[in-house]
Structures are given as C-alpha cells and as structure tokens.
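The lines below spell out each chain.
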Amino acid sequence: MDQLLNDFSPGLFFMQAIILLILIVLMRKFAWKPILESLQTREDGIKNALDSAEKARLEMQNLQADNKKLLNEARAEREAMLKEAREMKDKMIEAAKTEAETQANSIIEQAHAAIESEKKAAIAELKSHVAGLSIEIAEKVLREELSDNSKQQKLVDSLIGEATLN
Amino acid sequence: MCTFAQNFRERNFISLENMMVATKSIKFIAILVLMMTSVFAFANEGEHDNQHHEGGNKIDTPEEIKEYIAHHLKDSHDFHLYTNNETGTHVSFPLPVIVWTSEGLRTFMSSEFHHDDNGHVIVEKDGVKLTKIHSKIYELEAGADEVVFDDHHHAENAHKVLDFSITKSVFGMLLAGLLMILGFGALAKGYKKGAIPTGFGRALEPLVIYVRDEIARPNIGEKKYRKFMSFLLTVFFFIWILNLLGLTPLGFNVTGQIAVTVCLAIFTVVIYLFSGSKDFWGHTLWMPGVPYILRPILAVIELIGFVLIKPFSLLVRLFANMTAGHFVVMSLIALVITMKEAFGPVASTGVSLALALFISVIEILVAFLQAFIFTMLSSLFIGMAVEEHDHH
Amino acid sequence: MYNLIGAGLIVIGAGLGLGKIGGSAMEAIARQPEAAGKIQTAMIIIGALLEGLAFGALILGK
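Residue numbers (my numbering), protein chains in the order written: chain A, 35 to 200; chain B, 568 to 959; chain C, 5 to 66.
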C-alpha cells in the first residue's frame with residue numbers, strides 16, 4: 035500500500051484526467067456521435083425496410099384474399115343466375131304445359147259441346163224427318179187402307195172392337 | 568468471449584482490398600513513429616556519448632533483474648529503447664519535463680538528467696535544483712547542492728514536485744488518443760459516403776456495435792444508455808489500445824500506473840454519482856423495507872460501497888492485472904539469464920521463449936478482458952444509479 | 005513473512021471462489037446451452053468482482 039501511494043503521481047493523474055476529458059469530448063464530437071447516429075439510421079432503415087416488406091406481404095395477402103372473395107362471389111352469382119334461369123325455364127315449361135292442357139281441354143270441351151249440339155240437332159232433324167216420313171207413310175197407308183169402303187169398315191170395326199175392350 | 572468472437576466473425580468480412588488499405592495506413596503510422604524515434608535517438612546518442620562510460624550495466628543477478636522489472640513497471644521520463652553494454656550508451660529519445668516547483672513552472676528536456684535515476688545529476692533551472700530519483704523528480708531544498716539519503720534510501724533534503732511532464736505514459740496516452748481519433752474519425756467520415764463502412768472501419772464498426780449492444784444496452788437500459796455511450800466507448804478503446812501497446816516491445820505500462828487507473832475510476836464514479844436517479848439515492852440513503860434502526864447503517868455501507876469500494880475494486884483490478892501481466896512476461900523473459908547457469912543458453916532461451924509466448928497470448932486476451940470488464944462494470948454501476956424502480 | 009502467508013490465504017480463497025463460479029457456470033451452460041452467452045457474461049462479472057476483492061486484499065496487505 036505504501037509502495038502504491040508512493041508510486042501515485044498526482045501530475046500523471048492530472049495529465050490523464052485532462053487527456054481523457056479532451057479525448058472524450060473530441061471523440062464524442064468527431065467519432066461517436068456520427069458513428070452511432072449513422073448506425074441508428076442504418077438500423078432504422080433496415081427495420082423500416084423489413085416492416086414495409088412485411089406490410090407489402092400482408093397487403094398482397096389481403097389482395098389475394100380479396101381476389102378469392104371476388105372470384106367466389108362471381109362464382110356464386112353465376113350459380114345463382116344459372117339456377118334462376120333453370121327455374122324460370124322450368125316454370126315456363128310448366129306454365130306452357132298447363133296452358134296447353136287447359137286450352138286442349140277447352141277445345142275438347144267445345145268440340146264435345148259442338149258434337150252434342152250437332153247430335154241433338156241431327157236427332158231433332160231426324161225426329162222431325164221421321165215424323166214427317168211417318169205421317170207421309172201413315173197418310174199413304176191410310177190412303178191405301180181407306181181407299182175402299184170395306185176396308186174402312188173393317189178398320190172402324192176393329193177400332194171399335196178395341197175401344198169396347200177399354 | 569465466445570459470443571464476442573462470433574459476433575466479430577459474423578459481422579466482419581474484411582475484403583482483400585480493404586485489408587490493403589488498412590495495412591497501408593498502419594504502415595504509414597509505423598514509418599512515421601520509426602522516423603521520429605530514430606531522429607530523436609540519434610540526436611540523443613550524439614549528445615551524451617561520453618556520459619555513461621562506467622562500464623555497461625549488464626543485468627545478471629536476480630536482484631538486478633528484479634530492479635530492472637520494477638524500473639520498467641514505473642513511469643519514466645524518457646523513451647528508452649536499448650542500452651549498448653559495450654560502450655554503456657543508452658539509446659533513447661527524451662521527453663519534455665514540465666514541473667511545478669516552489670518557484671513556479673519549469674520546463675526542459677529529460678535528456679538533461681543524462682539517464683541518471685539515483686539523484687546524482689542535478690539540473691539547475693532558474694534557481695531551482697532538480698534531480699530524478701527512481702523515476703520521480705525531486706526539488707532540492709534551498710542551499711543544498713547534493714541529495715542526502717537516509718538509511719532507507721529516502722531523500723532527506725529534497726521533496727517531490729508536481730510533475731506534469733510528458734512522460735512515457737502520457738506519450739502512450741497521446742498515441743492511443745491519436746490512434747483512436749484517426750481510426751474512428753475515419754470510420755465516422757466513411758459514413759458520409761455510404762451506409763456501410765469501408766477499409767479498416769469494417770473491423771472497428773463491429774467493436775462499436777459490440778460495446779453498444781453487449782455492454783451498454785443490457786446494463787444501463789434501452790432508454791438511458793445513449794447519454795453514456797461516449798464515455799464507455801472512449802474508455803473501452805482507450806484501455807484496450809493502451810493494454811495492447813503495453814504488449815509491444817515499446818514497453819508502455821500506462822494502465823499499470825496507479826494514477827491512470829485512479830483517474831479512470833474517478834471518472835466512472837463522478838458519472839454515476841451525478842447521474843443517479845431519485846430512486847437510486849432513495850434506496851441508497853433510506854432503504855425501504857428494512858427496520859428504521861438499520862437504515863442509517865445501511866446508508867453508510869451503501870455510500871461507502873458506491874463512493875469507495877466500487878471504484879477501488881475497479882482501479883485495483885485494472886492496475887494489478889496489467890502490472891502482474893508485465894511482471895510475469897518480463898520474469899519469463901528473464902529466465903534466459905537466470906536459467907543460463909543451470910541449463911545452458913539454448914535450453915534456457917527455448918524455455919523462456921515458449922513460456923513468454925504462452926503468457927503473451929494470454930495477455931492479449933487479458934488486454935481485451937480488462938478493457939471489457941472495466942467498461943462492463945462501469946456500465947453496470949451507471950445502470951444501478953440511473954435505474955428507476957417501479958413502486959409497488 | 006506474515007503477509008506472504010496472508011497472500012497465500014487470499015489466493016487460496018480466490019481460487020476456491022473462482023473454481024466454484026467456473027464450475028457452476030459450466031453446469032448451468034450444460035443445463036441450458038442456449039443461455040451460454042448470458043451465463044458467460046455473468047460469470048466474467050462475478051469473476052471480476054472476486055478478482056477485485058483478491059487484488060484489493062493483496063495490495064492492502066502488501
């Protein structure tokens with residue numbers, strides 16, 4: 035310890051303090067400040083670059099997701115449209131079918147009605163025809179039958195005979 | 568350490584081209600230093616050729632080795648390169664001596680002491696007599712012409728002066744500071760050209776990031792670490808470079824000077840005491856959750872801990888590690904001499920070389936580790952001081 | 005003489021402490037290899053504190 039105290043040189047201590055102080059100030063001004071600042075800016079730059087790359091990646095991902103969504107939407111829309119069209123087609127066919135059916139039915143009905151009325155008319159005509167014919171025939175027959183008196187007598191007799199029966 | 572190495576490897580790919588740029592600048596600095604050294608050295612040699620002819624002070628005995636190592640571990644006033652034992656010439660270059668004496672400021676070159684370290688050479692400057700004893704400069708009392716020593720080899724008629732000299736340690740600090748300003752200034756300038764550093768900056772940048780992300784951020788906290796980055800970075804690289812300089816043959820022992828480590832520790836203490844949050848002072852001085860009787864005792868203990876023990880452990884750790892490292896390396900090198908008698912020159916040189924190499928490799932690790940630990944503990948203490956607790 | 009014995013005692017104590025820290029750290033790393041970095045840092049800090057204590061004692065005793 036005594037040896038150490040003896041070796042301690044206040045002058046050297048003073049010189050060292052001055053030199054170190056000046057050195058710190060000089061180095062701070064000319065070296066450490068610019069060095070640390072440029073290191074910092076460089077690190078910030080790298081960090082920013084990485085961040086922006088990450089951001090770009092995320093954006094890309096978003097874009098891709100958007101694209102996918104759009105695609106899905108389009109596909110769904112197409113599907114819906116197709117479905118609608120199919121449905122419409124079916125409906126139209128159905129409608130056409132029913133209309134055709136009803137029309138056919140009505141035509142058939144009309145035809146039926148026409149046939150019926152024609153038939154009726156024909157029957158009526160036939161009836162009247164038959165009646166006329168029958169009257170004519172009856173007239174002719176009567177004329178024939180009643181051409182002579184005997185025959186007329188005979189008829190009157192028969193008729194009277196019948197009448198008495200009642 | 569392992570994570571550090573990994574980080575280093577991951578972040579750092581030095582291309583061939585950049586390596587070349589780096590080596591070029593290193594070469595340039597090396598050449599500059601060498602040129603300066605040789606100019607000073609020759610000048611010095613010419614001046615004092617005739618001073619030390621009392622025969623070479625060859626180092627042979629364990630006592631001399633011990634003394635040599637102790638001398639090396641101290642700060643010195645000139646930059647000693649080698650001694651020519653044939654002629655007794657010291658090849659070194661002098662550094663300026665700046666002392667505050669009783670008569671005022673005196674400046675001269677350390678060459679005026681003629682490498683004397685025992686108080687024999689007395690330099691007279693405007694009525695002040697100065698001499699150097701064991702790497703310390705003493706001022707002789709008025710009227711004295713010669714230093715008188717007592718039984719313990721303490722000078723009786725001289726006292727120490729305030730010594731602001733550019734000693735070897737101060738020179739080392741200036742060199743480290745210059746290297747830092749050049750290296751990191753270039754790195755900072757490089758960012759103006761582009762976001763990615765080129766050249767030697769590629770090796771420095773991961774170190775800065777390491778200090779920020781592994782030392783400051785986790786210990787101080789994400790919000791407040793910025794304010795202390797200048798101090799932590801400066802101290803980390805300052806200590807590391809000085810530790811590494813200590814491993815070169817130039818023989819700096821800056822971080823092994825107690826004054827230097829005291830100064831570093833005091834900086835840390837001042838910083839964390841002045842940036843202490845309200846919570847920190849509350850917890851230190853009036854610890855909640857303990858009986859009232861204990862609180863003043865705890866406050867004293869905590870205060871002593873923060874003001875004395877923590878900085879003391881900081882400064883002693885760095886000082887002792889570096890001193891011990893230099894001591895061990897030099898002792899192992901000295902094995903060449905101590906073992907020569909017993910094992911012959913070849914074996915002793917081989918053993919000494921192998922052991923010194925091994926310890927030097929460990930010392931490289933320690934050089935980093937001590938810088939790391941100093942910065943780490945500083946940021947830990949700062950983190951303790953600025954922390955804000957959630958009150959429950 | 006006595007301070008040499010004291011230094012020896014300090015070194016024994018510090019050695020025991022460092023051994024305990026290192027051993028526990030190794031165990032912890034073996035148990036949770038993914039936390040190796042954090043454990044190493046903590047280990048170095050505690051080792052440094054212990055070292056500071058030991059050096060402090062050595063220097064005060066010298």
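Hint data in this document are derived by calculation from the structure and do not stem from the laboratory.
Heads up, the beta-carbon is just placed ideally off N, CA and C, and yes, glycines get one too.
Don't take each hint at face value.
[Said to hold, decoys possible] Below, simulated BS3-like cross-link-like pairs (lysine-lysine); rule was C-alpha separation at most 30 Å, straight line:
#: 1; chain 1: A; residue 1: K63; chain 2: B; residue 2: K696
#: 2; chain 1: B; residue 1: K794; chain 2: B; residue 2: K727
#: 3; chain 1: A; residue 1: K67; chain 2: B; residue 2: K907
#: 4; chain 1: B; residue 1: K641; chain 2: A; residue 2: K81
#: 5; chain 1: A; residue 1: K67; chain 2: A; residue 2: K81
#: 6; chain 1: A; residue 1: K174; chain 2: A; residue 2: K154
#: 7; chain 1: B; residue 1: K696; chain 2: B; residue 2: K756
#: 8; chain 1: B; residue 1: K759; chain 2: B; residue 2: K791
#: 9; chain 1: A; residue 1: K102; chain 2: A; residue 2: K117
#: 10; chain 1: B; residue 1: K696; chain 2: A; residue 2: K81
#: 11; chain 1: B; residue 1: K791; chain 2: B; residue 2: K845
#: 12; chain 1: B; residue 1: K790; chain 2: C; residue 2: K42
#: 13; chain 1: B; residue 1: K760; chain 2: B; residue 2: K845
#: 14; chain 1: A; residue 1: K89; chain 2: B; residue 2: K790
#: 15; chain 1: B; residue 1: K794; chain 2: A; residue 2: K67
#: 16; chain 1: B; residue 1: K845; chain 2: B; residue 2: K641
#: 17; chain 1: B; residue 1: K760; chain 2: A; residue 2: K67
#: 18; chain 1: C; residue 1: K24; chain 2: A; residue 2: K67
#: 19; chain 1: B; residue 1: K759; chain 2: A; residue 2: K63
#: 20; chain 1: B; residue 1: K845; chain 2: B; residue 2: K790
[Unchecked claim] If the Cβ cut is set under 10 Å, some of the chain C residues that face chain B in the computed set are:
#: 21; residue: G19
#: 22; residue: K42
#: 23; residue: T45
#: 24; residue: E55
[As the list claims (entries may be wrong)] Okay, the calculated bits of chain A under chain B, using three or more residues with CB under 8 Å as the criterion:
#: 25; segment: 60-69
#: 26; segment: 105-119
Quick rundown of the hints versus the structure:
1. Of the pairs offered as hints, the one joining K63 (chain A) and K696 (chain B) is violated, with about 43 Å between alpha carbons and a cut-off of 30 Å exceeded.
2. For the given pair, K794 (chain B) sits about 40 Å from K727 (chain B) by alpha-carbon distance, which is inconsistent with the 30 Å threshold.
3. A distance of roughly 55 Å separates the Cα atoms of K67 (chain A) and K907 (chain B); the hinted pair therefore is violated under the 30 Å criterion.
4. Restraint check: the Cα-Cα separation between K641 (chain B) and K81 (chain A) comes to about 51 Å, which exceeds 30 Å; the hinted pair is violated.
5. This hinted pair checks out: K67 (chain A) and K81 (chain A) have alpha carbons roughly 21 Å apart, not beyond 30 Å.
6. Among the hinted pairs, K174 (chain A) with K154 (chain A) is consistent with the structure: their alpha-carbon atoms are about 29 Å apart, no more than 30 Å.
7. At most 30 Å may separate the alpha-carbon atoms for a hinted pair to count; K696 (chain B) and K756 (chain B) exceed this at roughly 49 Å.
8. Of the supplied pair hints, the one linking K759 (chain B) and K791 (chain B) holds, its CA atoms being roughly 26 Å apart against a limit of 30 Å.
9. As the CA atoms of K102 (chain A) and K117 (chain A) are separated by approximately 22 Å, the hinted pair is consistent with the 30 Å bound.
10. A threshold of 30 Å between alpha carbons decides the hint, and for K696 (chain B) with K81 (chain A) the separation of about 67 Å lies outside it, so the pair is violated.
11. Taken as a hint, the K791 (chain B) and K845 (chain B) pair is honoured in the structure, with Cα atoms around 15 Å apart against an allowance of 30 Å.
12. The hinted pair formed by K790 (chain B) and K42 (chain C) meets the criterion: a straight-line CA distance of about 21 Å does not exceed 30 Å.
13. A hinted pair counts as satisfied when its Cα atoms are at most 30 Å apart, and K760 (chain B) with K845 (chain B) does not qualify at roughly 43 Å.
14. This hinted pair checks out: K89 (chain A) and K790 (chain B) have alpha carbons roughly 27 Å apart, not beyond 30 Å.
15. Distance check on the hinted pair: K794 (chain B) and K67 (chain A) sit about 11 Å apart at the alpha-carbon level, within 30 Å; holds.
16. Our distance criterion of 30 Å between C-alpha atoms is broken by K845 (chain B) and K641 (chain B), whose separation comes to about 42 Å.
17. A hinted pair counts as satisfied when its Cα atoms are at most 30 Å apart, and K760 (chain B) with K67 (chain A) qualifies at roughly 16 Å.
18. Taking the CA atoms of K24 (chain C) and K67 (chain A), the gap is near 42 Å; set against the 30 Å cutoff, the hint is violated.
19. Using a Cα cut-off of 30 Å, the hinted pair K759 (chain B) and K63 (chain A) holds, with the two alpha carbons roughly 15 Å apart.
20. A threshold of 30 Å between alpha carbons decides the hint, and for K845 (chain B) with K790 (chain B) the separation of about 16 Å falls inside it, so the pair holds.
21. For G19 (chain C), the interface hint is violated, the least distance from its beta-carbon to any beta-carbon of chain B being 15 Å, above 10 Å.
22. Satisfaction of the interface hint for K42 (chain C) is found here, the shortest Cβ-Cβ separation to chain B being roughly 9 Å, below the 10 Å cut-off.
23. At its closest, the beta carbon of T45 (chain C) sits 8 Å from a beta carbon of chain B; the interface hint therefore holds under the 10 Å criterion.
24. About 6 Å separates the beta-carbon of E55 (chain C) from the nearest beta-carbon of chain B, less than 10 Å, and the hint is met.
25. Here the segment 60-69 of chain A counts 9 residues with a CB under 8 Å from a CB of chain B, which clears the bar of 3, and the coverage holds.
26. Coverage of a stretch by a chain is defined here by at least three residues with a beta carbon nearer than 8 Å to that chain's beta carbons; for the segment 105-119 of chain A and chain B the count is 0, and the condition is violated.
Hint violations for this structure: numbers 1, 2, 3, 4, 7, 10, 13, 16, 18, 21, 26, all remaining hints satisfied.
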